[in-house]
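Work out the full structure: start from the sequences and follow the hints.
There are 2 protein chains.
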Amino acid sequence: MTVGVAFEVGSTDDAARTGTLTLPRGTIRTPAFMPVGTAATVKAMTMETVKSTGADVILGNTYHLMLRPGAERVAALGGLHVFSGWKGPILTDSGGFQVMSLAQLRKLDVDGVTFQSHIDGSTHRLTPERSLEIQALLDSDIRTQLDECVALPADRAVMEKAMRLSLAWAERSKVAFAGTSGRALFGIVQGGDDAELRLESAAGLTAIGFDGYAIGGLAVGEPQATMLAMLDLTVPALPADRPRYLMGVGTPDDILQSVKRGIDMFDCVMPTRAGRHGVAYTRYGKLNLKNARHADDPRPLDETAAWAPARDYSRAYLHHLVKADEILASMLLSWNNVAYYQNLMGQVRRAISMGCYDAFVAEQQAAWAIGDIAELS
Amino acid sequence: MTVGVAFEVGSTDDAARTGTLTLPRGTIRTPAFMPVGTAATVKAMTMETVKSTGADVILGNTYHLMLRPGAERVAALGGLHVFSGWKGPILTDSGGFQVMSLAQLRKLDVDGVTFQSHIDGSTHRLTPERSLEIQALLDSDIRTQLDECVALPADRAVMEKAMRLSLAWAERSKVAFAGTSGRALFGIVQGGDDAELRLESAAGLTAIGFDGYAIGGLAVGEPQATMLAMLDLTVPALPADRPRYLMGVGTPDDILQSVKRGIDMFDCVMPTRAGRHGVAYTRYGKLNLKNARHADDPRPLDETAAWAPARDYSRAYLHHLVKADEILASMLLSWNNVAYYQNLMGQVRRAISMGCYDAFVAEQQAAWAIGDIAELS
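Chains as they are written, first to last, in our numbering: chain A, 1 to 377; chain B, 1 to 377.
Just so you know, these hints were derived from the structure itself, not from any lab.
It is possible that some hints are incorrect.
One copy or two, either will do: identical chains are not told apart, so a pair holds if it fits within one copy or between any two.
Straight-line distance between alpha carbons at most 30 Å, and here's what the computed DSSO-like set of lysine-lysine pairs gives [stated by the list, open to error]: (1) Lys161 x Lys290; (2) Lys290 x Lys260; (3) Lys87 x Lys290; (4) Lys174 x Lys107; (5) Lys107 x Lys323; (6) Lys51 x Lys161; (7) Lys323 x Lys286; (8) Lys323 x Lys87; (9) Lys87 x Lys161; (10) Lys107 x Lys290; (11) Lys51 x Lys323; (12) Lys260 x Lys323; (13) Lys290 x Lys51.
Here it is, written out as C-alpha cells:
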C-alpha cells in the first residue's frame, strides 16, 4: 500500500467485515457511508453537523469542483479541507461519471474526454493524468482513477470497450500517482452486468495494484438482483486486504445487502437529496412529510433516535416546514437522513463484530416493512 | 401593567435607555432586536442557532400562521413555543400589516378586514377580537392590536381615517384582552407622517393604557429623516414606564438613530433576507458576497467576530456557496447577519449603560463608512 495508508480488517461474519482505513487525516471505520459533498458542501448541512452524525469521511466531486470554484483556486486557498472546513479524510471521484451524466457535447477518445460545462458551456478536458492532477490540487485523501461508466442496460460491445478503456486509464493513473504518500489511489472495476467483463476488470486492476478497489457502473438502472450478482462474483476477485468501495450506492437495503457481500465503503446523494424533497428515513422506513397525515401529529419522527431532528421536532412541524418550502425543512431532514445512515453503519459494524449480521439484516428489513408508526386515531 | 408582566428602565443616556421586559417565559434585554420567525421558523436557522446569537425574543407573523398551519392547529399542538421549539418570549403582530401587503381582494370595514389567502385564495376575516383570539391560540407572549397601516406618501385624509380606525380597534383589543395574565398587549401608534395625527394616536392609546406601545406605519417608503422626525415627537408622548417598539425597522443605522430617540424594541427581516441573497453585515458595512473580488480571498468576513460564520469561513468559500446557490450560503449568512444584529444590540446596551451612546454611534457610523477591509493586493 502507499506509504502512510493502512487498511486492517477487524471482525468478519461470512463475507461481511469490519475494518479501519487509516490515513494521515483520520481513520475511517468500515463499513463506512460517505455523505456526498458535491461542491465542497454536504447540501443544507454545516460540516460540524455532518461530523456530529458520526461520519468519518465525505466525498467531493471532481467534476463540480474543477468547474466551480476551480481546482487551482482551491489549491491556492489551501486545499479542499481548508476551503470547506472538513478536517477528516475526503474521497474524490475522478470526474468521469459526472462528465457522462451532466456535461454537454462530451467527446470521448482514447486519451481522455472533452466536454462543455453544464454551468457556463466552457470547454474542459479530463485525462487520467489531469484528473489526478486536479485531485492533487484539491488534496483529497482518497483519489480515484478516471473511468468510463455506461448506463445499463447496454450492449456487450459497449460495456467491453468502456471496461478496456477504464483499465488502460487505470494503468496511466497508477503511473501518474506514483511518488505520492499519505494519500490513497483506488482503481475502478467496470464491465457492466457482464460476469466475464467484471472478472477481467478485477483481475486487470489487481495486477496493477491499488490501495483500494471501487466498483463502478452499478446502481445505474439495473435491478438490485443484477447489482448483487455482480458483487457476488466481483468481490472475491479483489484482494482481501484492500478496501472495496461500491460507488453511488444506495438505499439502506442496498447497503445491507452489499455489506453482506464484502463491501466496505459507500456513497450516495440519497439521504441529502431526499431531505431536500421532504422525505425522512426512519427505522420503520421512508416517510414523505408532505403527506397530510402528519399535519396534526405531535410525535417526533422517532422518539428513540439520538439525533435532534428525529427526536426534538414534531411531525406536524416538519410537515408545516415542507409545505411552506422553508429552508429549515431541508436542513432538518438532510441532517436526520445523514444521521440515520451513519447510525445504520454503526449498527452494521456492531452486528458484524458480534457475529450476528444476518439476524441484524432480517431485523432491519422487518422494521422497514412496517412502514411507519401507527397513525394517530 | 398586566399581572405577570414587568418593565424596568435601567440606564439612560439622554433619550436612549436600557431596560428589561420580564414575562413568564423570559426576560428581554432592551434595546432588543427581534429576529423575524415568519412561519414559525427564522428562515435558514435552527432555533438553537438563533438563541446562540443572543436573541431574547423572536417575532411570529399572525397572518402567515393563521393561514398555514392555522391557529387552531398550532393551539392543539401546544402553542407556537412547543410547535417551533423557541422557548423564550415571542411577539406576534396582529396580521394587519401583511393583510395589506400580501393578501388578495382585501375589503376593509369598520369591524375588520376580509381577504383572500395569497397561498390558496381561501377567504378569511380578521377583526380586532379574532386577531387576539388567534394570538391567544398561538399563545404568544406579547400580542398586538389589529391596526390599519398605510404606505407613505399618503393623503392626510387616508392617514387620518386609518389612525382613527386603529384607535377604535385599540379600544376593542383592550376589552378582548382583559383577564389575560402573564402576557402583554401592545397598542400601535399610527398617523403616517403627520405630526398632529401621531400625537392624537399616542394620546388616545395612552388613555386606553397598554403594556407597551408599538409605533407602526413607519419605514414604509418615507425617508429616514421623516421617520426620525415622527419618533422625535411621538416617543415623548408615550408613557416613559412602558416599552416602545418600532415595527419593521430596520437598517443598523435606523436602529441606532431610533434608540437615540428612546425606542426599546425592533424587528426586521433584513438580516435573514439579506442572508438569503448573498449579503453579509460586518462591522465595516454590508458586503455582497456575489462580488468577484471575494473569489480568491482566504480571509474571513471579520476575524474579530465571536460568531462562527464570520470567523471560521473564508470569503472565497462564502462567495463559492453563493455563486453555486448552495443552501449553506443562506444558512451561514443568515446566521452571520442575525449574530451581527444581536451583537450590535449588546454594544448599544453597553454604550448606554456607560453613558457614551453618542460616541458609540459615531464610531459605528465611521466604521460603516469604510465599507470593507482593504482588498487583497
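Checked against the structure, which of the hints given earlier come out wrong? Hints 1, 2, 6, 9, 10 and 12 contradicted; others consistent.
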